[in-house]
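K.L.:
With the hints as extra help, turn the sequences into a complete structure.
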Amino acid sequence: MADNKDISTVDQPVKTDTNEVVIHIKGLKKSFGEKEVLRDINLDLKRGENVVVLGRSGQGKSVTIQCIAGLLTPDDGELTVFGEDVTQMNEDELKQLRIKIGFLFQSGALYDSMTVRENLEFPLTRVLKLKDQQEIDQRVEEVLEGVGLADAADKMPSDLSGGMRKRIGLARTLIVKPEIMLYDEPTTGLDPITSREISELILNMQRKYKTSSIIITHDLECAKITADRVVVMNDGEYIAEGTYEALQASENEFVRSFFNEQK
Amino acid sequence: MAEQVIPAWKKWLEGIGEQGVFFTRFVRNIFAGGFEWSEFVRQCYEIGYKSLTLVGITSFIMGLVLILQLRPTMVDFGAESMLPRTLSIALIREIGPVITAIICAGKIASSIGAELGSMKVTEQIDAMEVSGANPVQYLVVTRIIATAFMVPLLTLIGDVIGLFGGYIAINLTDDISFYLYFQKCIASIEFVDFIPAFIKTIFFGFAIGFVGCYKGYNSNKGTESVGIAANSAVVTASLWIFVIDAIAVQVTNLLYY
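Chains as they are written, first to last, in the numbering used here: chain B, 1 to 263; chain L, 1 to 257.
Source of the hints: derived by calculation from the structure; they are not laboratory data. Note that the structure is predicted; figures quoted are calculated from it, not measured. Even for Gly, the Cβ is constructed at its ideal location relative to N, Cα and C. Some clues are possibly wrong.
[What the hints assert, rightly or not] Okay, the calculated beta carbon distance ranges per label pair:
{"#": "1", "chain 1": "B", "residue 1": "Leu130", "chain 2": "L", "residue 2": "Tyr179", "range": "50 to 60 Å"}
{"#": "2", "chain 1": "B", "residue 1": "Asn19", "chain 2": "L", "residue 2": "Lys11", "range": "43 to 53 Å"}
{"#": "3", "chain 1": "L", "residue 1": "Leu54", "chain 2": "B", "residue 2": "Met114", "range": "41 to 51 Å"}
[Unchecked claim] Pairs of lysine to any residue, SDA-like flavour, derived with a Cα cap of 20 Å:
{"#": "4", "chain 1": "B", "residue 1": "Lys35", "chain 2": "L", "residue 2": "Asn220"}
{"#": "5", "chain 1": "B", "residue 1": "Lys95", "chain 2": "L", "residue 2": "Lys10"}
{"#": "6", "chain 1": "B", "residue 1": "Lys208", "chain 2": "B", "residue 2": "Glu141"}
{"#": "7", "chain 1": "B", "residue 1": "Lys129", "chain 2": "L", "residue 2": "Phe40"}
{"#": "8", "chain 1": "L", "residue 1": "Lys221", "chain 2": "B", "residue 2": "Tyr111"}
{"#": "9", "chain 1": "B", "residue 1": "Lys208", "chain 2": "B", "residue 2": "Ile99"}
{"#": "10", "chain 1": "B", "residue 1": "Lys177", "chain 2": "L", "residue 2": "Ser111"}
{"#": "11", "chain 1": "L", "residue 1": "Lys184", "chain 2": "L", "residue 2": "Gly78"}
{"#": "12", "chain 1": "B", "residue 1": "Lys131", "chain 2": "L", "residue 2": "Tyr138"}
{"#": "13", "chain 1": "L", "residue 1": "Lys221", "chain 2": "B", "residue 2": "Lys131"}
{"#": "14", "chain 1": "B", "residue 1": "Lys131", "chain 2": "L", "residue 2": "Ile244"}
{"#": "15", "chain 1": "B", "residue 1": "Lys95", "chain 2": "L", "residue 2": "Glu129"}
{"#": "16", "chain 1": "L", "residue 1": "Lys221", "chain 2": "B", "residue 2": "Ser62"}
{"#": "17", "chain 1": "L", "residue 1": "Lys184", "chain 2": "L", "residue 2": "Glu80"}
{"#": "18", "chain 1": "L", "residue 1": "Lys10", "chain 2": "B", "residue 2": "Gly33"}
{"#": "19", "chain 1": "B", "residue 1": "Lys95", "chain 2": "L", "residue 2": "Ala32"}
{"#": "20", "chain 1": "B", "residue 1": "Lys224", "chain 2": "B", "residue 2": "Asn204"}
{"#": "21", "chain 1": "L", "residue 1": "Lys184", "chain 2": "L", "residue 2": "Leu68"}
{"#": "22", "chain 1": "B", "residue 1": "Lys95", "chain 2": "L", "residue 2": "Ile157"}
{"#": "23", "chain 1": "B", "residue 1": "Lys129", "chain 2": "L", "residue 2": "Glu36"}
{"#": "24", "chain 1": "B", "residue 1": "Lys177", "chain 2": "B", "residue 2": "Ser113"}
{"#": "25", "chain 1": "L", "residue 1": "Lys10", "chain 2": "B", "residue 2": "Glu34"}
{"#": "26", "chain 1": "L", "residue 1": "Lys107", "chain 2": "B", "residue 2": "Gly146"}
{"#": "27", "chain 1": "B", "residue 1": "Lys95", "chain 2": "L", "residue 2": "Asp126"}
{"#": "28", "chain 1": "L", "residue 1": "Lys221", "chain 2": "B", "residue 2": "Ser107"}
{"#": "29", "chain 1": "B", "residue 1": "Lys177", "chain 2": "B", "residue 2": "Gly146"}
{"#": "30", "chain 1": "B", "residue 1": "Lys129", "chain 2": "B", "residue 2": "Glu91"}
{"#": "31", "chain 1": "B", "residue 1": "Lys35", "chain 2": "L", "residue 2": "Lys221"}
{"#": "32", "chain 1": "L", "residue 1": "Lys221", "chain 2": "B", "residue 2": "Ser31"}
{"#": "33", "chain 1": "L", "residue 1": "Lys107", "chain 2": "L", "residue 2": "Ile244"}
{"#": "34", "chain 1": "L", "residue 1": "Lys184", "chain 2": "L", "residue 2": "Ile199"}
{"#": "35", "chain 1": "B", "residue 1": "Lys131", "chain 2": "L", "residue 2": "Asp126"}
{"#": "36", "chain 1": "B", "residue 1": "Lys131", "chain 2": "L", "residue 2": "Gly33"}
{"#": "37", "chain 1": "B", "residue 1": "Lys95", "chain 2": "L", "residue 2": "Asn29"}
{"#": "38", "chain 1": "L", "residue 1": "Lys221", "chain 2": "B", "residue 2": "Asp112"}
{"#": "39", "chain 1": "L", "residue 1": "Lys221", "chain 2": "B", "residue 2": "Lys95"}
{"#": "40", "chain 1": "B", "residue 1": "Lys129", "chain 2": "L", "residue 2": "Asn29"}
P.N.:
Put into C-alpha cells, the structure is as follows:
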C-alpha cells in the first residue's frame, strides 16, 4: 500500500495479533482481453487481521481473492501467501496451500447433489483424508452448532434459504480449520437482518478459529462489524485504507461519496 | 471472408489443444490414487440403470421395425427363414451399438454437460478446487469411466431386447418358436461379429463421457452456457460416434477379412 502515491492512508491503530504478514500483494495486475480489471493492487494481510475490501460492483474485488486462491493467474505483480509465490506454484503445491485457505463464495456454492452433512464431510474425507467416522461426525456437529444450524444436517441445499446456504458454506469452509479466510460478498442478496447475522457470525468464527480474513463486500454494515482495517477499491486500484471510522471521515471524494450513498 | 475464417480456425485449433490438455488431466487422475468408488457406483446407476428403459424400448422397436421392413423383400426371394440371421447380424454388428450410443449421447452426454455446466456456473467446481479437493477425479474420472463401462452393457441388453422385438415381429405374420428363433440368431453370430462391435461400444461410451464432461467442465459462467454445454455435448458426441464407427469398420475389415 505504501508504494501507491495516490492513496489517502489514514493513520489509525490496527488491531492484529502479530505483525506476521500472511498475504503480500504488490503491483498486482490482471486483464481480461482488453479490459484491465486490476491495475495496481498492493495489500498486506497480517495474521489474525480482518481486512475488508470495499468498492462498487464490477471493480475487480473478487478477482483479487481469486488470484490469491490460485483460481486466476495474475498478469504481473507479486503475490505471496505464507511467504510463497502463488504464481509460481504447480498444481500439487497449490493444493497444499488451498488447505490453509478457506474461500466462501457469494452463493455459498454448496454441492447441490449432496446433503448438508455430505457437503461438510466432503473436505474432511477428500482433503484431510480423515477415516475415523466418529471424528468426522464430531467435526460436522461442531461446525453446524457454530453456525447455528445443528438440525440442518440431513437437508438438501435446495431446502435451505439464502442465509442458511451461506452459513453452511461458511461451516464447510471452516471445518478444515483454515488459517486464512477469503469471503466473496458474504452478505449480497440477503435481507438486512440476515446480513447482520452473517457479519456477526463471520466475526465470531474469526475469533473462534483465529483466522486472518479478506472480506470482499459493498455492504457498509458488514464492513463496520467485521473490519479491523478497510481498503477502498476503485478503477482497479486501492485508493484508501484505514479503520472504518477513519474512512467515514475521509476527505477523498470517492470514499466520501461511497459512504454517503449507502447511508 | 478471411477475417472470419482465420479466427474460426484458430478457435477450433485452440479447442483441440484444450481437449488434449483435458484428456491428459483425465489420464493423470486415473492413476493419481484415491479412486472415488462410491461416486463411480452412483454414476453407473445414474448412467446405466436410468437409461435402461429408454434403450430397451428403442431397441425393441428397432428389432420389430427391421423385421417388418425386411420381410417383404425376403419373402420375394423366398428367404424368410433368413430373417433371424439377418436381424441378428445387423443388430449385433452395427444397429445395436450405434442406436444405443446415439440414445446415450442424447441422454447421458447432455445430462453430464448440463450438470457440470451448472456446477461451473454456481461455482461448485471452483469451490471444490479451492478447498484442495480434486474435482477432476471426483467429477470427471468417475463419469467417463462409468460411461465407458455402462454403454457396452446397455448395448448388450439392447441387442437382446432388439432380437426379442424381431421375434414378436416375425410372429405377427408367421409362426416360429421362441427356442428355434433364438437358436437361429445365436448360431448365425460368430466372435468376429460380436467382439469388434463390443469393443467399439467401449470407445462410444468413452466419447460420450469425455465430451459431456469436457463441455460441462469448460462451460462459461452464465446461465445460457449450461444450455450451450448440453446441446454442444449431444452434437459433438453424436458426431464422434459416427467417426469412431467408421474407423472401427475399417480396422475390423483389416484385421478379420
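K.L.:
Mind checking the alpha carbons of lysine 107 of chain L and glycine 146 of chain B for me, to see if they're no more than 20 Å apart?
P.N.:
At roughly 42 Å apart (the allowed maximum being 20 Å), glycine 146 of chain B and lysine 107 of chain L break the hint.
K.L.:
Hint check: lysine 131 of chain B vs aspartate 126 of chain L, CA-CA at most 20 Å. Holds or violated?
P.N.:
25 Å, violated
K.L.:
Given the hint that lysine 221 of chain L pairs with tyrosine 111 of chain B, does the C-alpha gap stay at or below 20 Å?
P.N.:
17 Å, holds
K.L.:
Holds or violated: lysine 35 of chain B and lysine 221 of chain L, Cα atoms, limit 20 Å.
P.N.:
17 Å, holds
K.L.:
With the threshold set at 20 Å, check whether the alpha-carbon distance from lysine 221 of chain L to lysine 95 of chain B stays at or below it.
P.N.:
23 Å, violated
K.L.:
Regarding the pair lysine 95 of chain B and glutamate 129 of chain L, is the alpha-carbon distance no greater than 20 Å?
P.N.:
8 Å, holds
K.L.:
Hey, lysine 129 of chain B versus glutamate 91 of chain B, does the alpha-carbon distance stay inside 20 Å?
P.N.:
Status holds; Cα separation ~18 Å.
K.L.:
Would you check the hint for lysine 95 of chain B and isoleucine 157 of chain L, treating anything up to 20 Å between C-alpha atoms as holding?
P.N.:
Violated, because 42 Å separates the two Cα atoms, which is more than 20 Å.
K.L.:
Is the Cα-Cα distance between lysine 184 of chain L and glycine 78 of chain L 20 Å or less?
P.N.:
Cα-Cα ~17 Å, so holds.
K.L.:
Are the Cα atoms of lysine 177 of chain B and serine 111 of chain L separated by 20 Å or less?
P.N.:
35 Å, violated
K.L.:
Given the proposed pairing of lysine 35 of chain B with asparagine 220 of chain L, does the C-alpha separation stay at or below 20 Å?
P.N.:
18 Å, holds
K.L.:
So if I understand the rule, the pair passes when the alpha-carbon distance is 20 Å or less; does lysine 131 of chain B with tyrosine 138 of chain L pass?
P.N.:
18 Å, holds
The structure does not agree with the numbered hints 3, 5, 10, 13, 14, 22, 24, 26, 34, 35, 39 stated previously, though it agrees with the rest.
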